[in-house]
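Enquirer: Fit chains F, H, W and X to the given chain U structure using the hints.
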Amino acid sequence: MDWGFWLPQIMLFSSLIPALVIFLLRDEQFWLRTSLNLGGSAVKLVLAGIMAWGVLAEGRTYEASLPFLHNQELVLRVEPLSLMLVGLSSVLWFITTIYAIGYLENSPNRTRFFGFFSLCVTATIGIAMAGNLITFLIFYEMLSVVTYPLVVHRGTPAALAAGRTYLLYTLGGGVLLLLGVIWLQVLAGPVSFESGGAIDFLVDDHRTELIVIFGLLIAGLGVKAAIVPLHRWLPEAMIAPAPVSALLHAVAVVKAGAYGIVRVVYDVYGLELSDQLNVLLPLALFASFTIIYGSVRALGEFDLKRRLAYSTVSQVSYIALGTALIGPAATVGATVHLIHQGIMKITLFFCAGVFAEARNIHDIREMSGVGRSMPLTMSAFTLGAFGMIGVPPLAGFVSKWYLGLGSLESNAPWVIVILVASSVMNAAYFLPIVYKGWFGEPHEEIEVVEAERFQVAEAPWSLLGPALATAGISLLAGLLAAWAYSPLSLAEIVANQRMISP
Amino acid sequence: MSEFLIYGLAAAALFAICLHGIITRTHILRKILALNMMGSAVFLLLITIAERNQVDGVADPVPHAMVLTGIVVAVSATAFALALARRYHAQTGHTELHDEDGST
Amino acid sequence: MSLVGIWVILIPLICGLAAFAVGGRSSRVIGLIGAGLTFLLSGLLVLHVWQSGVWIYQLGGWDVPLGISLRADGLSAFLIGMTGAVGLGISLYAVRYFEALTPGPSQDPSAALRTGSGRGEESGAGDSPEAERGGTEVWLPGASYWPLWMLLWASLNVLFLSNDIFNLYVGLELLTLASVALIILQREQAAIVAGLRYLLAAFLGSMAYLLGVALIYADAGVLDLGLLADAELTGTATQVAGGLMAVGLLLKAALFPLHFWLPAAHSSAPAPVSAALSALVVKGAFYLLIRLWFEVFESAGTVSVEQMIGGLGAVAIVVGSFQAIRQERLKLMIAYSTVAQVGYLFIMIPLAGSFGDPEASWRFEAWTGGLYHALSHGFAKASMFLAAGVLLSALGHDRVWHLAGSASRFPVIYLSFGIAGMSLMGLPPSAGFVGKWLMLRSAVESGQWWWVVILLVGGLLTAGYVAIVLSQALQHDVDEHTEPHPVPKLMTVMVFALAAMSLLLGLRAAEPLELLEIGAPFQTLMSVVED
Amino acid sequence: MENRDPIPDSGPIVRVLSIILGVALFGILATAVLDLDVEATGLTDTVMERIGESGVDHPPTAVLLNFRAYDTWLEVAVLLLAAWGALVLRQATRLPEQPAARSPGPVLDWLVRMLIPLAIVTGVYLLWRGTDAPGGAFQAGAVIGAALLLLRLSGYRSIGLFSAAWLRGSLLAGFAGFMAIATLLFITGWTFLEYPPAWAGLIIVIVELLITWSVAVSFVALFVAARPDDSATEPVGGER
Amino acid sequence: MMLYLWLLVLATPLTVAFMIPFGGAIRRRAIDLMPFAAIPALIMALPREQTAIEVADWLLLGSSFGVDQTSQIFLLLTATLWTVAGFYARYYHADDVEIHRFAFFFLLTMTGNLGLIVAMDIVTFYASFALMTFSAYGLVVHTRSAKALRAGKVYIVMAVIGEGFLLTGMFMAAYSAGSTQAEFIREGILDSQRSNLIIGCLLAGFGIKAGAIPLHVWLPLAHPVAPTAASAVLSGAMIKAGLLGWITFLPIGEAALPGWGTLLVVISLIAAFSGVLIGLTQDDPKTLLAYSSISQMGFIATVVAVGLAEPRAWGVAAIGCALYALHHGLIKGALFLGVGVAHETGNDRNRQRLVLIGLTVVAIALAGAPLTTGAMAKTALKEGVYIGPEGWSVWLDWLLPVAAIGTTVLMGRFIWLIWRHELGHVEHGQYRGMMIPWIILVGLAFPIVWLAPVWFQLDVSPAVAFEPGNLWTSTWPVLIGGAILGVIWWQIARTPREITPIRIPAGDVLIPLEWALARIRPPEPDEVVPRPPDPVAALSASWYGLFAESQQGSRTSRLAGWFVRWDVAGLLFLTIGMVLILFMLWR
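Chains as they are written, first to last, in the working numbering: chain U, 1 to 502; chain F, 1 to 104; chain H, 1 to 531; chain W, 1 to 240; chain X, 1 to 587.
Among these hints, one or two may not hold up.
One-sided and incomplete, this derived list gives chain H residues near chain X with beta-carbon spacing under 10 Å [stated by the list, open to error]:
id: 1; residue: L200
id: 2; residue: G205
id: 3; residue: A208
id: 4; residue: Q239
id: 5; residue: V240
id: 6; residue: A246
id: 7; residue: P257
id: 8; residue: H259
id: 9; residue: V305
id: 10; residue: R326
id: 11; residue: S471
Straight-line distance between alpha carbons at most 25 Å, and here's what the computed DMTMM-like set of lysine to aspartate or glutamate pairs gives [stated by the list, open to error]:
id: 12; chain 1: H; residue 1: K489; chain 2: U; residue 2: E28
id: 13; chain 1: X; residue 1: K147; chain 2: X; residue 2: D508
id: 14; chain 1: X; residue 1: K147; chain 2: X; residue 2: D95
id: 15; chain 1: H; residue 1: K489; chain 2: H; residue 2: E99
id: 16; chain 1: X; residue 1: K153; chain 2: U; residue 2: D303
id: 17; chain 1: X; residue 1: K153; chain 2: X; residue 2: D508
id: 18; chain 1: H; residue 1: K489; chain 2: U; residue 2: D27
id: 19; chain 1: X; residue 1: K147; chain 2: X; residue 2: D96
id: 20; chain 1: U; residue 1: K436; chain 2: U; residue 2: E357
id: 21; chain 1: X; residue 1: K147; chain 2: X; residue 2: E514
id: 22; chain 1: U; residue 1: K436; chain 2: X; residue 2: E98
id: 23; chain 1: U; residue 1: K436; chain 2: X; residue 2: D96
id: 24; chain 1: U; residue 1: K436; chain 2: U; residue 2: D303
id: 25; chain 1: X; residue 1: K153; chain 2: U; residue 2: D363
id: 26; chain 1: X; residue 1: K147; chain 2: U; residue 2: E366
id: 27; chain 1: X; residue 1: K153; chain 2: U; residue 2: E366
id: 28; chain 1: X; residue 1: K147; chain 2: X; residue 2: E98
id: 29; chain 1: X; residue 1: K153; chain 2: X; residue 2: D284
id: 30; chain 1: X; residue 1: K153; chain 2: X; residue 2: D283
id: 31; chain 1: X; residue 1: K153; chain 2: X; residue 2: E514
id: 32; chain 1: X; residue 1: K153; chain 2: X; residue 2: E98
id: 33; chain 1: X; residue 1: K147; chain 2: U; residue 2: E441
id: 34; chain 1: X; residue 1: K153; chain 2: U; residue 2: E441
id: 35; chain 1: X; residue 1: K147; chain 2: X; residue 2: D283
id: 36; chain 1: U; residue 1: K436; chain 2: X; residue 2: E514
Think of the hints as simulated: they come from the structure by calculation, not from any bench.
Glycine included, each C-beta is placed from N, C-alpha and C at the ideal position.
The shape of chain U in the complex, shown without the other chains (with noise of 0.2 Å):
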């Protein structure tokens, strides 16, 4: 059996199967959907790990390409900078999965939910994997349409309303990513993804159209990875259960819109054309904008998921950003901010639901003292938001940190201004929510409530543990990323594959 075929196919039906199977279930058939979707996302997990071993060592790569159309090829390929997503989406899928089940207890139309929240990461496991431009382009709509019910999960006007906003942006943004991608197809004829990028030879006939083609790329790219002015379906998609958000914001549809900027710049036109066609100092300004603006508007909110959906704005720009830089070091950076993004912001949002389901609480105003009765779930949303300012020795930092070197390295020294900036203003709307949750005062109700429910538990083990684990991840992440299994040697290894082909 060749496995390289194969693990890639079984790494998406993985999930998928268990989607369509639980889509056939009733509400009722608890314990068979949940085994599904564990032991789905276990297999899952399991492959990924299969995978990394033999990408990282024994160099192996994986690759199985379907016919789909003339001359044209579906391929799924796992090599180091698809591991990094793939590897992602499977953690936090299984963890996510978990909290998912505790979260939506009881709580109606259970089998749509869990049956699209599958899909949503067997589309993001294909964008993962998609080893050409055209799979990418499916598994991108994909996911925008699988994630639609998700979003309007609770069926209120406001949620239904923010669906359809958000699926107008992301169509629209699927629209300007397909004339993009069918044009450079039409010029270089079908556009695989190589280290360094393979369409060279267009630049001497075909030099503004190319220019023109990466804007539409980008443009379609960047309505899901939330550059402004592309940005406003973010914070309105926070009206979906905190699963969702979760994973909309840390692995799924933001990253796959950098993921993309990531692919395009690096594997469609390679850094070295890209530069020669000046197209990366656009996206830097872009995302520097970005990473400025989300922040700005995070202090304005005072709604805890709103504040962290603008958080999550300006945070997936640095990915832009150090895409947008020449040099190992931005690679680095941004890709393994890739990883380290996802975790972190996923602890936050986990930690949110966890408020917002055992508290009730949903304003920064109401988190008074609730780091009294709920310590671990505190704990877990500090490591998050300092993780998120860029202090060491979290996982953010070694992002941050690459990032600043990059921008040194790319000739572009004021981007440090924008990160330092930007840390200062993390700093400035996460610090508050920090203070108030462990030193404000409780309030007065709460706290007898509390009186009652902190002999059992702050809050349910199936929502705290996936706060905590993702939590000590973002912890691990930075802590150990010199370790040679880290996020951060995972990047290194993709840097070094993007810096030495050309």
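Expert: Same frame as chain U, but now just chains F, H, W and X:
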């Protein structure tokens, strides 16, 4: 002016006139009749073509066959349309197609 | 094996006649057998063409131009295959659908399915005095459905296989009459007026087409498509004929603004009929037009005509989508969606037309793209109409506004609706995406940017109404007065199966696309595409 | 019943536009016709060359029932469909008699008695002549159908006597018979719609006969079924 | 092996800290262990020989640990102070229900403080620095009083700004160095084309912690409000972290940077004087001590400035720096702890007397009276100044003693404040538990400072302080200061009145700044923040509106109704047909 032209132009004129009728007349029966006569216009043209194509006094049988087939087809459609129109009239009392009926 | 092309016409006819002759409830069994066999035969035909290339059959042993030939190339096989698959799905659905419609001792008369009009009369067999006097047999809508449906199916196959422009006319008429008869199956007032309007419009279209046939025959002296294509006609008469046939077929295919008959007709018919009409019948006229356009009028056609047809298609997309969203009833919304999607199909004409460079490879790309879109639309739209039928029979209405919250009770139905919608939008991974992809590629390649814009915007507009329905259904507040009627599982399964097909065909399009290449026009261009 | 005013014919603007466009259409069609005013033979030669093999002498009949039998076969199907559609419209499996059979009166009665045999004879003659001169199944069918109608209109029981099965059988006869023959031959190895030369004439006659009967019944069915029945004229709408 | 010892230094307080959240018996055990958490560090500070740098290539971005001569002294200071403060705090907070919270932050802060000393690369340093900074916030706001919260706010804002400066400087330094190791960083800064920017950033970033003017504003607010044990480590040990940062990462002693040197020396002198002057106006002894710390750090910074300006001087100056830091840290710690002990004396005269004597001894030492640690440290400090840039020594030679006069007066006021206002404030019954650590510290401060140069074989001998010249140099400022104090005391004794009518509020320059900021920044809004319009959302909303409005009325749109009309449709049919035909003909 050749025989072909006379009949041919007559067919053309008939076709145009029937089309005018279909457009401007609202009574269903008139519409059906106009359509039917439109068919006749085409058949006239076909017959004319058959005559034009004659070899040794034998007219081209293919247009003839087409006309015969066409007539039956047209008759069938006409008859069915009439049946429908009568039913419609019986149900609603209308002799015209009321626009809103179908679209609400 | 090589005669499967005849059987694919004969079997549905035989079964249809048998069903008619037997009448009553047993017609269902015959109809089902017919559907199954026809499906198999369609598959065999596809296989045959796939393996042995273009199939040509001289009927009665008379060579063209004397006789009539049947021809199955990739395109025909493609559409017959689609008809087979969609037809089977519709048939299986219809079994249960009309079963519910058949009054029996155990059945509550109010359980009869309604076809959708809010004010249509109740259907039932008891109100016909003849039936009472007839004594032995009662009139059953299902009993009439099966033979008519088989005949409709047969006429589609006739159309797709015929290689003779006059025979195509007969086929078209057969199709029209079968459709109208099916529309009025339940004699509701709305259906009758819609059927009448449809019949008259189709009649008008046929006349224009027939006049075109006459002119072409006068000009070329042959009726065979192959011979006409070889003749490379460019005479005035042929050109006039081209215009006439085009406008006639546009009317039959309901391209904006000649769509006036479609929404009412498609929405007032029973669900399986609506599905067949929107998914298959419209494709008949479309098929004929592209057949003619790229074979007979390849030399006579002009860029301006193509652009104009495309322009109408563009307007159709916009107007159809806007109208769709403004419809109160789901079936009407879906019908207007067909108006928009037909516009989408016709954008293929300017793209595959001779714009710029007649020898360019993008023409073939657009041609396959348009056809693939037709394929995807076939499955998706059938699924949508059948879904609407399920909702209608379960809830007793199909008012979009009042579907609020029904997603939790009909999850599979809405899932299918969503998947079908995806296909219509051209979102990957769906068959619609493949079509859209190819058409877009062609538009970009040929530099016809205006079509790029409309193709892309069209997708968004489609999303506009599909998403609205879904969002309405996903609402939390359940808008419910009565407990919904139980719906037979098979119906739901068929809705899903058709939607799933529209998805699966997008995952592996290589083979269907290769099928289309067999015997396609643009033979000279295909080698370019191959690299 | 909804009583709405009839829609008046189109106003002057539409009329004028329609006339202008109609004239233009005529002009264009005329151009085409002028263009076609040339010597051409069409398929005359081709048909005449092979008419001997067709089993009939009259070229159009040869074309209709042999060379292009497929067209004819399908055309019968069209007629069948129309009749069938009319039945659907009536939601009936059989056709009604004249509701209240009135005595036709002595004159009419006599006329009917005279005309019916004449019509039948004429029909058969037309059918027979079809093989070598204008005429054929449709003409014959139309005449016989007219006779049946006459019977019915004058109050005789005719078509109403047909049971549901008979009615269906009659409607189907032409098409099904045609198909049966063609299919049988096809199964036995002949090309579809090919007649063994020796049997061609006979087959054509049989087919024509069947078609004639079907056409006749179809016409009657169309006429009768279109007639609104009592239930349909009642006010519609409202729940039962 | 060494590596794990270094890690143990950090792991010990960290482990104890993370025992606390478990609650119950584990928590109580952790609180008992709190004072011992710095013991491993203390042990590691003792060896006379420094071992090689150890690298943990799996930790962070590759951490390295180790100490050099200078940092070992810092480690000694820090470990000692934390240990003493730990014991002290154990009793100070005995009745505090939130002692676990204090202990948790105390231990975390300790980890950070120790970590930054043993870190030999900039990332680990920064990580520890951040840990210390953010954890110390918990100490600052421990009492939750309004004052504490305000101080905490200012503290954290300044800390974040400081982190920003550091990060900026670190990026550029590390990039230029291509490494994170301290030694390479120093070179890298010089090699960098942006070396001035880097130096500026690092100066400012660490300067905030070191209380350099004008970045000191948080210090007089935060140090006093913290619980006394925390104040002691804040002012004694943590304030040195900034200094250590400068010493470790700035290329002092490697290249002449006269510009930066001048700037720093000016700032430092301003700090040295203004710290004294503003300190004099304070009523709260802890605030006064905080200002004194600003002033004292000014002294040390002067020497750093010398090193910056004149690399040759650094070898000597560094030792002076370290020694002075050691002296100041221990003494200032003792002073702060003493304030707490003074509160606890109750009405017991003996206790009061003991406290006053002890405080006076350390106060005199801080003033630099001869034979005290201060005198020795100051002498060592001056060694560096003498080989400093030309012309500087002339100024520094008399400016520093003048500052010492100020310190003397300041300490006089401190003792007076304690004597008059602070004795016996509260009575928790923890006097003994607090007094013993304090006395030990007072007792140890002298020998440690005296013996450190000998033990570590520094280039400076304690004997220098006993040379007559130096003896006189250290004597006269104290005498003058004493005289001034005498005059003042005489004045007050004659007519009791306020000597210093001016009261500069703690935080000095911050006050107008805060006022100005309050004008600019609107108060926290309770209402929804207005969001700019979103065209896409508006589009989707209007599309939905189109749908919603057509759902309730059963009217088809006019357009649709129009198209359904036969005559319209027919005309369209005709028109399209005509156009198609015409287009066909017209090619």
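Enquirer: Checking against the hints above, which ones are violated?
Expert: none
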